[in-house]
Amino acid sequence: MQFQLDNNSSIVRMSGEFTFTDHAQFKSMVTRLFETKDAPVVIDISKLEFIDSAGLGMLLLARDEAKKNNRPLVLRGPSGQVKRMFGVTKFDALFDVEE
Amino acid sequence: MAGTTPPNATGSQRPDFKCWDGVSASSLTLALSPPVTECVEIDLLDQYNKSVHGQRILGHLSLMVTTKSAYRQPVGKAFVEAMAIRTPMPEDLRERIYTAIQEAMMNAVLHGNLKIGSGARDSLEGLMQTHELIERMLAVPEEARGAIRVDAIWNSKVLHVLIRDSGDGFAKAELPSSEDIEADGQIASGRGLSILEAICDRVVLLHGGRTIKLGFNL
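For the record, the sequence lines run as chains A and B. Reminder that position 32 of the first sequence reads as 32 in the numbering used here, one-by-one numbering, no gaps. Reminder that position 133 of the second sequence reads as 1133 in the numbering used here, one-by-one numbering, no gaps.
None of these hints come from the bench; they were simulated from the model. By construction, the Cβ of each residue, glycine as well, lies at the ideal position given by its N, Cα and C atoms. Warning: the hint list may mix true and false statements.
Taking CB as the label site, the calculated pair distances span [claimed, not checked]: (1) T31(A) x L1093(B): 32 to 40 Å; (2) L1205(B) x E99(A): 31 to 39 Å; (3) E99(A) x K1157(B): 45 to 53 Å.
Covered by chain A, according to a simulated footprint, are these stretches of chain B (three or more residues, beta-carbon under 8 Å) [what the hints assert, rightly or not]: (4) 1089–1102; (5) 1195–1208.
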C-alpha cells in the first residue's frame, strides 16, 4: 500500500493493495493524518485496488483514532474489489462512505 | 505413474516439479510457470520428500511454502496468476479467488502455524505488538519453516482450492459469528471466515480445521 498526504492536509490518498503486512505504513499514515487539526479526516480510497480483512480491520482502527480525536472520518470513493468487500462486511454501515 | 517418485534436490527429474528459492515474488512466478504442477519452497524439500505423493491429475496446481514466505511474500497473488494461466476464468472470479486465498493464507499463518489470536489486533498498539511478535517468532527457524500447502484442482465446472496449515486446527464454534461481528461493529479482526463464506460458492473445514476447502463454480 502507498499513501499520499500533502503537508497540513487532512485528506490522504491510498493506492495499491492494503493487506495484513501493511501495518507499518498504516501506522505512519494514521499518525501523520491526526497531526492535522480542526477538519474532517478524509481517506480517499478510490485508487485502492485490493483490501483484505486485515486492511478492513485497520480502517476500523483509523475510525477509533478519529473518535478519540473528535474528528469526523470519511472514506471516499471505494470501487472494484474494495467496494465489494465493503458490501460483504456491511462496512458502509460502520463508516461515512462517500461514493 | 510419472509423479509417484519424489524429485531430487534440484527438481530436475521432473519437468512438472520446481523448487522455489523463497527469495521474491518474481522467482515464485517463474517457479510456477507451466508445465509445473507442483512447486515446493527449498526449505521444505525434505518434508516434501517424506510425504506421500498421489497420482498426478489433470487440472492441478500445488504449492508448499514456509510460514515465513507466506507472511513476507505475495504468495496468494502469484498462485492465482499461475492458475489463471492454466484455466480461463473471468476477472470477477479471479478477484474472488484471490481475495479468498489471501484470507485463508493469512489465517493459516497467524492462527494455524503461529497460533496467534485475533483479539490483540483490536487496537493500534495491539496491531503493532502482534507484528513484533510475528517477527520474533519468525526469527526462530522451527517457527519460520512451518509448512503451508495450497492445492488447486479444477475441471470445466468447478474449481477447489485447499489450504492446509501445520497447526492444531480449530472448531468453527470457537469463532465469533458474522452476526456477533456486525452487532459489535468495533471488532477490528476475526472477519476472515465470514468473508470466505460470502465470496466462495462453498467453504468446508477439514482435518479439524487444519485444512480449508474453498469451492468456486466455473
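Structure-based check of all given hints:
Between T31(A) and L1093(B) the Cβ separation comes to about 38 Å, which falls inside the hinted range of 32 to 40 Å. Separation of L1205(B) from E99(A) is about 37 Å and conforms to the stated range, judged on CB atoms against 31 to 39 Å. One distance hint, 45 to 53 Å for the beta-carbon pair E99(A) and K1157(B), is violated here, with the actual separation near 36 Å. Three residues within the 8 Å Cβ limit are the bar, and the segment 1089–1102 of chain B against chain A gives 4, so the coverage statement holds.
Counting residues of the segment 1195–1208 of chain B whose CB falls under 8 Å from any CB of chain A gives 3; the rule of at least 3 is met.
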